[in-house]
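A.B. asks: Each chain is listed here by its residues.
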Amino acid sequence: MNIEEWKSQIKRGTLEYCILVMISKKSYYGYEIIQVLESYPVVSAKESTIYPLLRRLLKEEFLTSFWQETSEGLPPRKYYTITEKGKEYLNLMNIEWDNLSNTILELKGE
Amino acid sequence: MDIELKTYLENIEKYLRHIDIVERTDIIEEIKSSIIDMKNTENLTNEQIINRLGSPKELAKGYFTENLQKSKSVKLINVFNIINFYSAISLITLIVVPTLGIISVTFIFSSFLTLLASIIVIFKHLFNLENHYILANIGISWTNNIFVEFSICILASIILYIVGKYSWKLLIKYIKTFIIKKHNLQKF
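Sequence order for the protein chains is A and B. Position 47 (the first sequence) corresponds to 47 in this note's numbering; numbering is contiguous. Position 104 (the second sequence) corresponds to 104 in this note's numbering; numbering is contiguous.
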């Protein structure tokens, strides 16, 4: 069904945005992000999508990372924090997103 | 972590061997940490974990091609598709399109001319202008029967029109088929 293809296009287009929005509020580690997104099926995605995406955002310097020890003798976790550059990028995305929403609302209103 | 998962991680690392050691270790550690989390938080079995992460090759591939955009991997099958497409389209362009194009336009035009001829033929006979220096050449010379002449002209007109119209439809169909194929190719 074509709607599935469209849905996955939407997801592909907005996943980066969702992740930056989340990380701008607090630092997350990869698994945690996946857990949170899981509760929103429209943007849920697997490790194989999220981790490379996080890595790319890291390379583009929108995020920084640090490893944090966990107390129970478990392996350390890699946390991601948003950078200034990331915040600026997020602002631009916010503007574009609002543009898009408003455009669609207007078109619907016709 | 048990042997099965350790092997799984080693396999992933194999596919990442071309990445520098620091980054590679970082990637593996992150995956390891999420496997532990999956075991502890969600109590997944090894099989479920491996299913969710994907095959070592697919998972590693994600880090190269960054599968968020359209897949940029150049698969052999896609290369063949492109070769096929451009070969076919050259053939079509050289032979079919010009032929159909010329036939459709000229035949339809000719059909109208023939229709006009049949009217002139009637006109000719009505006004006894068979020997008019121009009009004598219009129509059919091997019969003098007005009805035969007229019917043949009309028939010719109809046949030309049908062939022309059909050629046109075929032409459009071919062009549309290749536009769709080209569009599908863009997706890769």
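Derived by calculation from the structure, the hints in this document are not laboratory data. One should not assume that every hint holds.
Partial selection, computed: residues in chain A whose CB lies under 7 Å from chain B [to be verified]:
#1 Y31
#2 L74
#3 K78
For every residue, glycine included, the Cβ atom is placed at its ideal position computed from N, Cα and C.
A.B. asks: Each hint needs a verdict: does it hold in this structure or not?
C.D. replies: Hints, one by one, checked against the model:
Hint on A/Y31 holds. Least Cβ distance to chain B is approximately 4 Å, under the 7 Å limit. About 5 Å separates the beta-carbon of A/L74 from the nearest beta-carbon of chain B, less than 7 Å, and the hint is met. Because the closest C-beta pair between A/K78 and chain B is about 5 Å apart, less than 7 Å, the hint holds.
Checked against the numbered hints listed earlier, the structure breaks none of them; every hint is satisfied.
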